[in-house]
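Using the working numbering, you'd call the opening residue of the sequence shown number 228 and step up by one each time.
Because the hints were derived from the structure by calculation, they are not lab data.
Please note: incorrect hints may appear among the correct ones.
[As the list claims (entries may be wrong)] Per label pair, the in silico range of CB-to-CB distance:
no., residue 1, residue 2, range
1, 505, 408, 18 to 24 Å
2, 552, 247, 38 to 44 Å
3, 553, 292, 51 to 57 Å
4, 387, 618, 55 to 61 Å
5, 254, 552, 49 to 55 Å
It should be emphasised that the depicted structure is a prediction, and the values quoted were computed from it without experimental measurement.
Each residue gets a CB set at the ideal place from its N, CA and C atoms; glycine is no exception.
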Amino acid sequence: MNTSDVIYLDNNATTPLDDAVLAAMLPMFGTQFGNPASGHVLGRAARDAVQQSRNSVARLLGARSGQIVFTASATEANNLAIAGLTAGHDVHAVDARAPCRAPCTHGRGRCHVITTTIEHKSVAEPIRRLEQTGRIRVTWLRPDSLGQVHPDALAAEWTADTRLVSIQAANSVIHTLNPIADLARICAARGGLFHCDATQWIGKLPIDVDRLGIDALSLSAHKFYGPKGAGGLYLGPKALRAGVEPQILGGGQEDGLRSGTLNVPAIVGLGVASQLAIDRQEADAVHTDRLARRLWDALTRCLSGVTLNGHPHERLPGSLHLTLEGVDAKGLIASVPQVALSDGSACETDRDPDYVLKAIGRPEAAHHSIRCQIGRTTTPEEIDRAIELLVAGVVRMRAFCRSS
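Let's have the full structure, built from the sequences with the hints guiding it.
In structure tokens form, the structure reads like this:
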């Protein structure tokens, strides 16, 4: 099958590169190939291009350019935030004028980190490793049945040693949005740092880190029509004052927080994608939500046993996580190759959506659920064709199961 004929409904896994992004990146592979650390004219041109991108990312987040650290991915940004903000600092130093290099020794003797049981594994696994080594103590909050973390649950687990809270803005499997402003407000009032993995949120919904009170935020370009291999970490004033220990050492790039020659083409692509998001995300949200409603209405009209997982309203625009009763999700996806769907988070090689559905009390749905994310380039005609194919595939699979 020609891949250009595939109806792509997996935009939470990755998005197609926008033509304007590609056009901006191409010269960086050719005549504008300089190293931004070099002092000659080609180096200065590359440095200017990086700074322009930094400015665009900052505008997208409501931040200042000096608060943006470029990374190779949101996974790296999450690791830097978690390991860097818990390394060798006193829990009460977050509001200090200068970082404190003393170990966390207050109270129970270890920095306390609060996170959730449904974080992306690029958050959960670094935290779990630090927990296993004894460097930190962790509280794992469970979400409610719709996938949201309640501020009261966070407040109830706060201790004198709580230094860092890391809670996602939007879940990558069931698409539920968290009350980020309320969660961040608790951290600010009690003197802790709030890190937010906003990988799924950025480019789909507006965000303002200052207004929301976010201290650190991770993002990835390829989730909003930019290139793979480009990510970023926002570090607000409180996080910078507390001190961030770099995890990659060498040349001292990115103010010493992330060494390594900058990937200028990818960074330029991230900058252009950020500007496009500023210009288009509101219209994109209206467009994708309209098509998601079209898909949902048709599937529930034509099929029985279709359930929406996650919050019915507080969710990413254009996103559906559906349980199809009596249907094996992997089998359905394989039987309808004309439609690109997912049965979990494509960023995880073991493709295990179970942990999210188990956390919200729906473990039985894990193998019967598909994830649909409509994108900027999706058309009504594609949705109508996808409806035909999916309905036929579900009917076919259910009939086979009944006859077996």
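Verification of the supplied hints:
1. Checked against the hint of 18 to 24 Å, the pair residue 505 and residue 408 passes, with Cβ atoms roughly 20 Å apart.
2. Checked against the hint of 38 to 44 Å, the C-beta distance between residue 552 and residue 247 comes to roughly 43 Å, which is consistent with it.
3. The beta-carbon spacing between residue 553 and residue 292, approximately 53 Å, falls within the hinted interval of 51 to 57 Å.
4. The given range of 55 to 61 Å is respected by residue 387 and residue 618, whose C-beta atoms sit roughly 56 Å from each other.
5. One distance hint, 49 to 55 Å for the beta-carbon pair residue 254 and residue 552, holds here, with the actual separation near 52 Å.
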